[in-house]
Amino acid sequence: MSEPNLLYTDVEDDLRSSVRALLADRCDPHAVIALYDGDRSLVAPLWKALAIDLGLAGLLVPEDRGGAGASAREAAVVLEELGRAVAPVPFLTSAVVATTALAGTDGDLLAELAEGERTAALAVPLPTTPYGVIPAVPATGGRLTGTVTSVAGALEADVLLVPAATGDGLALYGVAATDVTRVPVVSLDMSRQLADVRLDGAAGTPVIANAEPAVRRALRAGAALLASEQFGVARWCLDETVGYLTQRRQFGRVVGGFQALKHRLADLATGVDSANAAARYAAALPAGDPDLELATALAQAYCSDLAVTAAEEAVQLHGGIGMTWEHPAHLYLKRAKADQIAFGTAGAHRARLAGLVDLPGAP
Amino acid sequence: MTFDDLRQRVERFLAAHDPATTERLEFLRARYDAGLAWVHFPEGHGGLGLPQAWQPEVDDLFAAAGAPDNNPHSNVIGLGMAAPTILAFGTEDQKRRFLRPLWTGEEIWCQLFSEPGAGSDLAALATRAVRDGDEWVVNGQKVWTSSAHLARFAILVARTDPDVPKHRGMTYFLCDMSDPGVDVRPLRQITGEAEFNEVFLTDVRIPDGHRLGDVGQGWAVATATLNTERVAIGGRATPREGGLVGMVARSWREHPERRTPELHDRLLRLWVEAEVARLTGVRLRQKLAQGRPGPEGAAMKLTFARLNQQLSGLELELLGEQGLRYSDWTMVRPERVDFTSRDPGYRYLRAKGNSIEGGTSEILRNIVAERVLGLPPEPRVDKDVPWKDQAK
Numbered sequence: 001m002s003e004p005n006l007l008y009t010d011v012e013d014d015l016r017s018s019v020r021a022l023l024a025d026r027c028d029p030h031a032v033i034a035l036y037d038g039d040r041s042l043v044a045p046l047w048k049a050l051a052i053d054l055g056l057a058g059l060l061v062p063e064d065r066g067g068a069g070a071s072a073r074e075a076a077v078v079l080e081e082l083g084r085a086v087a088p089v090p091f092l093t094s095a096v097v098a099t100t101a102l103a104g105t106d107g108d109l110l111a112e113l114a115e116g117e118r119t120a121a122l123a124v125p126l127p128t129t130p131y132g133v134i135p136a137v138p139a140t141g142g143r144l145t146g147t148v149t150s151v152a153g154a155l156e157a158d159v160l161l162v163p164a165a166t167g168d169g170l171a172l173y174g175v176a177a178t179d180v181t182r183v184p185v186v187s188l189d190m191s192r193q194l195a196d197v198r199l200d201g202a203a204g205t206p207v208i209a210n211a212e213p214a215v216r217r218a219l220r221a222g223a224a225l226l227a228s229e230q231f232g233v234a235r236w237c238l239d240e241t242v243g244y245l246t247q248r249r250q251f252g253r254v255v256g257g258f259q260a261l262k263h264r265l266a267d268l269a270t271g272v273d274s275a276n277a278a279a280r281y282a283a284a285l286p287a288g289d290p291d292l293e294l295a296t297a298l299a300q301a302y303c304s305d306l307a308v309t310a311a312e313e314a315v316q317l318h319g320g321i322g323m324t325w326e327h328p329a330h331l332y333l334k335r336a337k338a339d340q341i342a343f344g345t346a347g348a349h350r351a352r353l354a355g356l357v358d359l360p361g362a363p
Numbered sequence: 001m002t003f004d005d006l007r008q009r010v011e012r013f014l015a016a017h018d019p020a021t022t023e024r025l026e027f028l029r030a031r032y033d034a035g036l037a038w039v040h041f042p043e044g045h046g047g048l049g050l051p052q053a054w055q056p057e058v059d060d061l062f063a064a065a066g067a068p069d070n071n072p073h074s075n076v077i078g079l080g081m082a083a084p085t086i087l088a089f090g091t092e093d094q095k096r097r098f099l100r101p102l103w104t105g106e107e108i109w110c111q112l113f114s115e116p117g118a119g120s121d122l123a124a125l126a127t128r129a130v131r132d133g134d135e136w137v138v139n140g141q142k143v144w145t146s147s148a149h150l151a152r153f154a155i156l157v158a159r160t161d162p163d164v165p166k167h168r169g170m171t172y173f174l175c176d177m178s179d180p181g182v183d184v185r186p187l188r189q190i191t192g193e194a195e196f197n198e199v200f201l202t203d204v205r206i207p208d209g210h211r212l213g214d215v216g217q218g219w220a221v222a223t224a225t226l227n228t229e230r231v232a233i234g235g236r237a238t239p240r241e242g243g244l245v246g247m248v249a250r251s252w253r254e255h256p257e258r259r260t261p262e263l264h265d266r267l268l269r270l271w272v273e274a275e276v277a278r279l280t281g282v283r284l285r286q287k288l289a290q291g292r293p294g295p296e297g298a299a300m301k302l303t304f305a306r307l308n309q310q311l312s313g314l315e316l317e318l319l320g321e322q323g324l325r326y327s328d329w330t331m332v333r334p335e336r337v338d339f340t341s342r343d344p345g346y347r348y349l350r351a352k353g354n355s356i357e358g359g360t361s362e363i364l365r366n367i368v369a370e371r372v373l374g375l376p377p378e379p380r381v382d383k384d385v386p387w388k389d390q391a392k
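So the sequences go chain by chain: A and B.
Each residue of the first sequence is one higher than the one before, starting from 1 at the first, in full-length UniProt numbering.
Each residue of the second sequence is one higher than the one before, starting from 1 at the first, in full-length UniProt numbering.
Keep in mind that the hints were calculated from the coordinates and are not lab data.
Fair warning: this is a prediction, and the values are worked out from it, not measured in the lab.
Errors might be hidden in some of the hints.
[What the hints assert, rightly or not] Derived CB-CB ranges, DEER-like: (1) B/A64 - A/D358: 28 to 38 Å; (2) A/V183 - B/H255: 50 to 60 Å; (3) A/D291 - B/A224: 32 to 42 Å; (4) B/D265 - A/T147: 30 to 40 Å; (5) B/E362 - A/Q316: 12 to 22 Å; (6) B/T228 - A/R20: 32 to 42 Å; (7) A/G252 - B/D134: 49 to 59 Å; (8) B/Q290 - A/T147: 50 to 60 Å; (9) A/G252 - B/P261: 48 to 58 Å; (10) A/Q316 - B/T228: 30 to 40 Å; (11) B/Q290 - A/D28: 28 to 38 Å; (12) B/D134 - A/R249: 48 to 58 Å.
All residues carry an ideal CB built from backbone N, CA and C; glycine is no exception.
Here chain A stands alone, though its shape is the one from the complex (with noise of 0.2 Å):
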């Protein structure tokens, strides 16, 4: 087996130090605060930002549908990023799942949403598997009932593409999201706010018939690209961790310099170096490579639990700051919390894993 090239090249560095540049303009933590009392003010002008500015919104899309035609590598290193700054963007759900979920397709949405002009959210609950039953809702004569809770990116988009059981199977629809009911969820982690969307009867554009393959194809990069984004918290949260423990000073000693502590946060960035092997193998293999799939479930298997531990061991040894509201810990807490259930938990990616590498469980 030869394996990809797990470090990051020269053209992806540079593409980190513009993501990154832009958020340390644009993305103040005390404004991703303000998010949880309400002031959803950053969203919109960020995601431009990064989206039209920078053209991320079509970093995924080939060149020929007016995208950048990039790949995974690419958009793992702007997500690595964007969990580093717990950015409220929804790059994850429109630049990478619902562009993935459209490859293929000849209408023009796939271009606008390259184009930064629309933005696009896949109308499945968040915790949703790539390897699981796809949750639907009913079509009847292009029309779509029903609701579809914990959907991640529908506040920031202009079209929700719904799942919904025709009787043909499984087929994709855009919906405009002013046709539907959009009710904003108070949720864990407001810095990827979720909502309800309810469809009384929306007028729905077909947009992929026997569509099973092309959302899986959509949940599985999600998952795998999620992975990049949990390394990218975990690492700010070691970061932080080691930055304020060399200054905090208790019994007339750095306190980064008491074992018990050192010996934590070794612990850490053993944990946090390996996540980024993991994430960085989900992200570089090819697209159709046969270990795609292990390459995802071992990514999530493991980058989700460690960007928790992470965010866990920030808060605790931050000490009492760390429970504060003021310090930023608890962003990504909350965030590592939620994109632990993201695209289904640590113990599902395994359970697939036991099926894909012939370990199967107790008859």
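Using the hints, position chain B against chain A.
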């Protein structure tokens, strides 16, 4: 020289020295003299000054031609630790005298570093070397010495100046194990066998010409040796399920009657960790290939030690009643550590050493915390105290 030039050089060598008809030692010596032993070594010392990354392919070419190898498993310390240190710190005479028979396997090497009173704190070592004209007279006790009973030479660190702080008073020697003052005794371990030895040194005489580096430079030389050890441990390439996890997975597949939901959960968690650790190793090697080595190898070793212990423990539980049976407690002297061809009980016990040998997991966590994360070093109350005045 390009890799193609190198390949042609190997082919010309093989044409001139038919592996089928050339006597083994003669073949190995000729290979060394042709610079094809370790191509990254300099010319004249078994190499051609080429990238180390080319060596595996050279070895493959020789193996494909049915050539004898130098049985590298029998001289791990020599090839992995002594040779790079001699190359870095040795005089031309020393390189000429020692490297060739080391590589061919004519002379096996061992390592006389650890002592009963100097484990993690190696710089506390008490073995004394006292100068006597052109010779040094060495007295002391070393421990955890693998291959000492087979070795012709040892790399040895001894205290030459007790009046200065501990790191400054050591000197590095190449010790002849056939000296009558060298007494090697097997050290039996929890597996029942004796992989290692205790070595008692009584008035052992070492010519000054076998000193490696300057007097008092022993710590710097020893540190160089130990760094090569960590790179060697962290740098192995394995395929998926290549290590202990593969053995546990096979056992799981072969015995459906032993499966329980609880064991299944633990197995899957460890399988994930082992595969992620493998990918982390792949990534680390890709970094090393770009010439960016760092202390990350310490993190790698931490992970492997923990996984080996958890996997070998799980394997015994998975075996149930069969896990209660041990192959053999008879004291033997194994030639090498081999987890794969031994029974699960042995693996469980031997894996306990993985978090102790080559740096305990506690010391490695300090290394990661200090050198990777930049956290403050441990307080060192003995740093500036002359060795002879320290509490022992």
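Going through the hints against the structure:
| no. | hint | result |
| --- | --- | --- |
| 1 | B/A64 - A/D358: 28 to 38 Å | holds (32 Å) |
| 2 | A/V183 - B/H255: 50 to 60 Å | holds (52 Å) |
| 3 | A/D291 - B/A224: 32 to 42 Å | holds (39 Å) |
| 4 | B/D265 - A/T147: 30 to 40 Å | holds (34 Å) |
| 5 | B/E362 - A/Q316: 12 to 22 Å | holds (21 Å) |
| 6 | B/T228 - A/R20: 32 to 42 Å | holds (37 Å) |
| 7 | A/G252 - B/D134: 49 to 59 Å | holds (53 Å) |
| 8 | B/Q290 - A/T147: 50 to 60 Å | holds (52 Å) |
| 9 | A/G252 - B/P261: 48 to 58 Å | holds (51 Å) |
| 10 | A/Q316 - B/T228: 30 to 40 Å | holds (38 Å) |
| 11 | B/Q290 - A/D28: 28 to 38 Å | holds (35 Å) |
| 12 | B/D134 - A/R249: 48 to 58 Å | holds (55 Å) |
Every hint from the earlier list agrees with this structure, and none is contradicted.
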